[in-house]
Amino acid sequence: MDETAALPRQRPAPAVQGGKRRPKREREGAAWVFLSPWVLGAAILTLLPMAVSLYLSFTDYNLFDPPSWVGLRNYTQMFTEDPRLLRSVGNTLLYVLVAVPLQLALALAVAVALKSMKRGKGFYRSAFYAPSLLGASMSIALVWRALFNDGGTVDNVLGSLGLHTGGWVNRPGWALLSVALLTVWQFGAPMVIFLAGLQQIPKELYEAASVDGAGRWRQFVSITLPMLSPVLFFNLVLQTIQAFQVFTPAFAVSGGRGGPADSTLFYTLYLYDRGFTGSHMGYASAMAWVLLIAIGIVTAVLFRTSRSWVFYANEEGR
Amino acid sequence: MTFTRTAVRANWPRTALHAGCLLVLLVMLYPLGWLVATSFKPADEVLASLALLPSRLATENYTTAAAGIEGVSLLKLFGNSLTISIGAVLGNVLSCSLAAYAFARLRFKLRGPLFAFMIATIMLPHHAVLIPQYIVFNQLGMVNTFWPMVLPKFLATDAFFVFLIVQFMRGLPRELEEAAKIDGCGPFRTFARVVLPLTRPALITTAIFTFIWTWNDFFTQLIYLFEPDKYTLTLALRTFVDTSSQSAYGPMFAMSVLALLPIVLFFLAFQRFLVEGMANSGVKG
Numbered sequence: 001m002d003e004t005a006a007l008p009r010q011r012p013a014p015a016v017q018g019g020k021r022r023p024k025r026e027r028e029g030a031a032w033v034f035l036s037p038w039v040l041g042a043a044i045l046t047l048l049p050m051a052v053s054l055y056l057s058f059t060d061y062n063l064f065d066p067p068s069w070v071g072l073r074n075y076t077q078m079f080t081e082d083p084r085l086l087r088s089v090g091n092t093l094l095y096v097l098v099a100v101p102l103q104l105a106l107a108l109a110v111a112v113a114l115k116s117m118k119r120g121k122g123f124y125r126s127a128f129y130a131p132s133l134l135g136a137s138m139s140i141a142l143v144w145r146a147l148f149n150d151g152g153t154v155d156n157v158l159g160s161l162g163l164h165t166g167g168w169v170n171r172p173g174w175a176l177l178s179v180a181l182l183t184v185w186q187f188g189a190p191m192v193i194f195l196a197g198l199q200q201i202p203k204e205l206y207e208a209a210s211v212d213g214a215g216r217w218r219q220f221v222s223i224t225l226p227m228l229s230p231v232l233f234f235n236l237v238l239q240t241i242q243a244f245q246v247f248t249p250a251f252a253v254s255g256g257r258g259g260p261a262d263s264t265l266f267y268t269l270y271l272y273d274r275g276f277t278g279s280h281m282g283y284a285s286a287m288a289w290v291l292l293i294a295i296g297i298v299t300a301v302l303f304r305t306s307r308s309w310v311f312y313a314n315e316e317g318r
Numbered sequence: 319m320t321f322t323r324t325a326v327r328a329n330w331p332r333t334a335l336h337a338g339c340l341l342v343l344l345v346m347l348y349p350l351g352w353l354v355a356t357s358f359k360p361a362d363e364v365l366a367s368l369a370l371l372p373s374r375l376a377t378e379n380y381t382t383a384a385a386g387i388e389g390v391s392l393l394k395l396f397g398n399s400l401t402i403s404i405g406a407v408l409g410n411v412l413s414c415s416l417a418a419y420a421f422a423r424l425r426f427k428l429r430g431p432l433f434a435f436m437i438a439t440i441m442l443p444h445h446a447v448l449i450p451q452y453i454v455f456n457q458l459g460m461v462n463t464f465w466p467m468v469l470p471k472f473l474a475t476d477a478f479f480v481f482l483i484v485q486f487m488r489g490l491p492r493e494l495e496e497a498a499k500i501d502g503c504g505p506f507r508t509f510a511r512v513v514l515p516l517t518r519p520a521l522i523t524t525a526i527f528t529f530i531w532t533w534n535d536f537f538t539q540l541i542y543l544f545e546p547d548k549y550t551l552t553l554a555l556r557t558f559v560d561t562s563s564q565s566a567y568g569p570m571f572a573m574s575v576l577a578l579l580p581i582v583l584f585f586l587a588f589q590r591f592l593v594e595g596m597a598n599s600g601v602k603g
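Those sequence lines, one after another, are chains A and B. 318 is the number that our numbering gives the last residue of the first sequence; the numbers go up by one with no jumps. 603 is the number that our numbering gives the last residue of the second sequence; the numbers go up by one with no jumps.
The set of hints was computed from the structure by calculation and includes no laboratory data. Among the hints, a few may not be true.
Listed below are the simulated SDA-like cross-link pairs for lysine to any residue, each with C-alpha atoms no more than 20 angstroms apart in a straight line [to be verified]:
1) A/Lys118 to A/Gln199
2) B/Lys427 to A/Ala30
3) A/Lys115 to B/Ala337
4) B/Lys427 to A/Lys115
5) A/Lys118 to B/Leu341
6) A/Lys121 to B/Phe585
7) B/Lys499 to A/Lys121
8) A/Lys118 to B/Glu594
Required output: the full structure, derived from the provided sequences and hints.
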């Protein structure tokens, strides 16, 4: 989402001759009336809470007694005295690094396959998209827990192939993978975006390449990937940010405790545990700010590296 | 892409393509099929039997589910989920379309920076504002009410939808608005009579996504609602998470099916809006 590209294009000022023109201030006033709910929300539900949570992150606060200032103690405690926190950071990073690339690779592969399809494209597109709407629900999280449990379908199918894995959700290391697969299952949303991007690539490019003797793989690498890179970048940023905040499936798979052996203790799950189960609101606020900064850094790094691999064919045409 | 090859050869990859897609589809739909089948299995078959289909349709799971949980009937749970979701839909459609019109069409100071800020909040993790919001709602006595789920929507906090509607409004021809202006319509009548009706597809997309996301939401409801009386379907399902007893499997999955039903119906009715809405969010930007 390149901000300059996303900004509304300024139209040249219309040459008004005759005709009554409303005074500028009045028109500005109308704009602020339209904006007022958003401005109110941005101020009291976004900016103010961010400031307050920054303040609380330097305090000890249990919701009942007034917060007491402890300086940087929450932050130092997080990184020096709290092995569960470090565990949750590791789990979350591992999950993001496994789930997001797998999901996007599948989404891209299916989108490329569907693009050249003449009949049935609309059907597949809708059908593959459906899990993206259902996947965030508690219902599906419970199904996942059952499918990947001891004696569940996955255990049985793999067992019949001679791979006795047991229930994934009860095995440290495997439980996280089952949550990652639930994310991969929801590849439909990025796939739909990829497909829309693919359809905007001019056919002439493929025709020219084909005349020059480029095979399919060569066309994919030299035309599809560069032309699709802005969309790929958009999906990468969006899915990464979402993956950092995953909560429901880990909660369901582990019974809300992040088990087995803290192997599905995701950062958000631990934040909930400290803040709302344990009433350590100051500590949880510090965790929230670390998450905010971490997501900020990851996004900034993605934007920085994007300069070398994201290719904007037509800057003003977007 | 195979126009350089012969038509005969071009036919076989197409068949392989369809076979591949069908296979992926089958794997993807399996969990849903399994869910529906399991919800109809008699208690002794849920775990013992490896067959996907139940030996008989055990509707007793649904009767048990209908009785609800912790003294709250299924109807009440359904009503609570519906109240929150409809409130959220009304809030988002109203507040996001107002803000979007200002960003898409009106001139005001700081429009550029405010628009950039609005885009940035799309990426803001909810957790950064969660605790202070909780403290505020707690002070206002709104914990264990539906307000914390609904009120923010009336203040356009779902910036994603503001952005979605802005994108749509920019694509509308300006001539109609200019004609309305010449006819003496002020900005509010122009918005209500001309722009809003034209924006209907984007508003429908906003409404359906808001409904589904609110319906599925777990985290916010988990934090704000704690009395069974206020439970939603999601929270009722959550109570099954704690009990590891697998005897409750049948009713649990019956309730899961019922919880997914509105989403599936919405999807079947409005799939075009949903798929197009998602496609446009990434590409037109």
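### Query
Are there hints from earlier that the structure breaks, and if so, what are their numbers?
The structure conflicts with hints 4 and 7, although it agrees with all the remaining ones.
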